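Novice: So you can see what is in the structure, the chains are spelled out below.
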Amino acid sequence: MTFIADPIPFMVNLLSQVMTGWGWSATLIQVVLFILGAGILVIGAMVFTTILIWAERKIGARFQDRLGPNRVGPWGIFQTIADMLKIFTKEYITPAGADKVPYNLAPVLAVAAVLCVWAVLPFSSTVFGSNIGIGLLFIIAVGGLGEVAIIMAGFGSNNKYALLGAFRAVAQLLSYEVPMVIVLLIPVMLSGSMGMNDIVLAQKIPFIVLAPVACAIFFITSIAENGRAPFDLVEADSELVAGYNIEYSGLKFGFFFVADFLHAFTSALVFATVFLGGWQGPGATTVPILGFVYLLLKTILVYFLMLTLRFSLPRFRIDQMLNLTWKILTPLALFTFMITAIVNKVLPPGGNLFRIGGLLVANVVLWLVTNWALARFIKRRPRPVVSGPRPVAIGVKRSVPKDEAAQ
Amino acid sequence: MTHEWLYIGIFLTLAMVIPAVALVIAGVLSPKKPNPIKNSTYECGMETVGSSWIQFDVQYYIYGLIFLIFDVETVLLFPWAVAYNRLTLFGVLEAVFFVLILAGGLWYVWRKGAIEWA
Numbered sequence: 030m031t032f033i034a035d036p037i038p039f040m041v042n043l044l045s046q047v048m049t050g051w052g053w054s055a056t057l058i059q060v061v062l063f064i065l066g067a068g069i070l071v072i073g074a075m076v077f078t079t080i081l082i083w084a085e086r087k088i089g090a091r092f093q094d095r096l097g098p099n100r101v102g103p104w105g106i107f108q109t110i111a112d113m114l115k116i117f118t119k120e121y122i123t124p125a126g127a128d129k130v131p132y133n134l135a136p137v138l139a140v141a142a143v144l145c146v147w148a149v150l151p152f153s154s155t156v157f158g159s160n161i162g163i164g165l166l167f168i169i170a171v172g173g174l175g176e177v178a179i180i181m182a183g184f185g186s187n188n189k190y191a192l193l194g195a196f197r198a199v200a201q202l203l204s205y206e207v208p209m210v211i212v213l214l215i216p217v218m219l220s221g222s223m224g225m226n227d228i229v230l231a232q233k234i235p236f237i238v239l240a241p242v243a244c245a246i247f248f249i250t251s252i253a254e255n256g257r258a259p260f261d262l263v264e265a266d267s268e269l270v271a272g273y274n275i276e277y278s279g280l281k282f283g284f285f286f287v288a289d290f291l292h293a294f295t296s297a298l299v300f301a302t303v304f305l306g307g308w309q310g311p312g313a314t315t316v317p318i319l320g321f322v323y324l325l326l327k328t329i330l331v332y333f334l335m336l337t338l339r340f341s342l343p344r345f346r347i348d349q350m351l352n353l354t355w356k357i358l359t360p361l362a363l364f365t366f367m368i369t370a371i372v373n374k375v376l377p378p379g380g381n382l383f384r385i386g387g388l389l390v391a392n393v394v395l396w397l398v399t400n401w402a403l404a405r406f407i408k409r410r411p412r413p414v415v416s417g418p419r420p421v422a423i424g425v426k427r428s429v430p431k432d433e434a435a436q
Numbered sequence: 070m071t072h073e074w075l076y077i078g079i080f081l082t083l084a085m086v087i088p089a090v091a092l093v094i095a096g097v098l099s100p101k102k103p104n105p106i107k108n109s110t111y112e113c114g115m116e117t118v119g120s121s122w123i124q125f126d127v128q129y130y131i132y133g134l135i136f137l138i139f140d141v142e143t144v145l146l147f148p149w150a151v152a153y154n155r156l157t158l159f160g161v162l163e164a165v166f167f168v169l170i171l172a173g174g175l176w177y178v179w180r181k182g183a184i185e186w187a
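Chains as they are written, first to last, in our numbering: chain A, 30 to 436; chain B, 70 to 187.
Hints were generated in silico from the structure; no laboratory data involved. Be aware that one or more of the hints could be misleading.
Stretch-level coverage of chain B by chain A, calculated; a stretch enters the list once three of its residues show a Cβ under 8 Å from a Cβ in chain A [stated by the list, open to error]:
id, stretch
1, 73-87
2, 117-125
Some chain B residues close to chain A (C-beta under 10 Å, calculated; not the full set) [to be verified]:
id, residue
3, Pro103
4, Tyr111
5, Thr157
6, Leu158
Remember, it's a predicted structure, so these values are computed and weren't measured experimentally. All C-beta atoms, glycine included, are put in the ideal place defined by N, C-alpha and C.
Kindly generate the complete structure, drawing on both the sequences and the hints.
Specialist: Structure representation (structure tokens):
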């Protein structure tokens, strides 16, 4: 029964008992268990990406009225595995004049940066990697490493397109980090801790209810941090060929691909943990395995929302994108932060319903004011029209040329 | 507390080592037939003109500078946010004024046209 309710600590206990039987010291057992756990998590995350890539391709195909992968295995399930096997045996083409060290280090760093976020995430009430006191700050810091990887890739490739992609990465990823970090102060404030476990435990009521505006800002910025559509300026195919990863081939390209998909899923995971209550749900503390299920369901919901946006919106222009973050999201994040701080302090402590109501009203007012300000201050210049509207083909009377009529 | 950071250290090492090992294995398995044309810079079949170290717009640099200011600010605010529940209203208002000064800075930068994409 313990095994079914809570398999992972059960296995850990069993293993440590076996190793104590071998006469190993407690420290050694701890280190071995850490290495095992971290190894399983790292490899598991990368294997999980194969399912993720298949799911995203299939769902994306359905959005766009296509079939998607459907040849390899039932519903094309083994398509990604076939792709991986192929990419594993592809030649590395290193461009002449490439800066070898950043060029080769970039794909490794891109994957490692995303994987490291998993080290501090709590997966259920008993299973969490590391309960460090600064978990959220660690996630932000490690997320920044991914940007370094992109810049290294663009810089080391000796290619103009790659370098342009890296420039855009600097502008986009740095700019969107500002509102994201400000907004992440709100969950820290409400829970009184930066540890991911404490943040989850503090969410008897998910923070999406207490801070919906912050939640929306975090959602938008985390999509932008991924660099996927509608914010895929970093690797805009039609403008920069492929952006920073243009000169990569074989498994080096494969790792950028894996990092991209894993990053999207990881930001959905962080969103679910920070704003949707993580593993919290009915019965999750007594039967810890349920926590996994709740977390996975919440994450898949957020991920599906991201996919919906990805496959239905066109790409932003770079000035629109930067205006969105610097002129709308950053001021809004600053004001959300200030208002949440004041309202939460002014409202009497204890009265839970009262507090939720107060914060909700504050957020709704904030949202209405933003809407009003946007409508008031954003001037919609009419675009210059180059030519008149095109004639519609159907029903237009066409004068028949004379020689055609004669035949 | 130490063993939490030990786990992070092990995790960081493994997250770097496992992809690196996979890259090396794939490098051993994959064919190696380089030639000058294959290794030339990829620009959709065009001959590369000039150095690939192109000049870049100063605007990127300005965004980087503004980002730095805001990032340092949030680093200062995170300890405050952890202590939030123990603060009085005065302590909260102090931080709010701090953020307001920064909002003023953002407004100044905005008026100067530094966050305008030229």
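Novice: Each hint should be assessed against the structure and marked as holding or not.
Specialist: Taking the hints in turn, this is what the structure says about them:
Proximity of the stretch 73-87 of chain B to chain A, defined as three or more residues with a beta carbon under 8 Å from a beta carbon of that chain, is established by the 12 residues found. Closer than 8 Å: that is the beta-carbon criterion, and the stretch 117-125 of chain B has 5 residues meeting it against chain A, so the requirement of 3 holds. Below 10 Å, beta-carbon pairs count as interface contacts, and Pro103/B has one with chain A at about 7 Å; its hint therefore holds. Checking Tyr111/B against chain A: minimum C-beta separation of about 6 Å stays under 10 Å; hint holds.
Nearest Cβ of chain A to the Cβ of Thr157/B: about 8 Å, under the 10 Å cut. The hint holds. The closest approach between the C-beta of Leu158/B and any C-beta of chain A is roughly 5 Å, which is under the 10 Å cut-off, so the hint is satisfied.
Hint compliance for this structure: no hint is broken.
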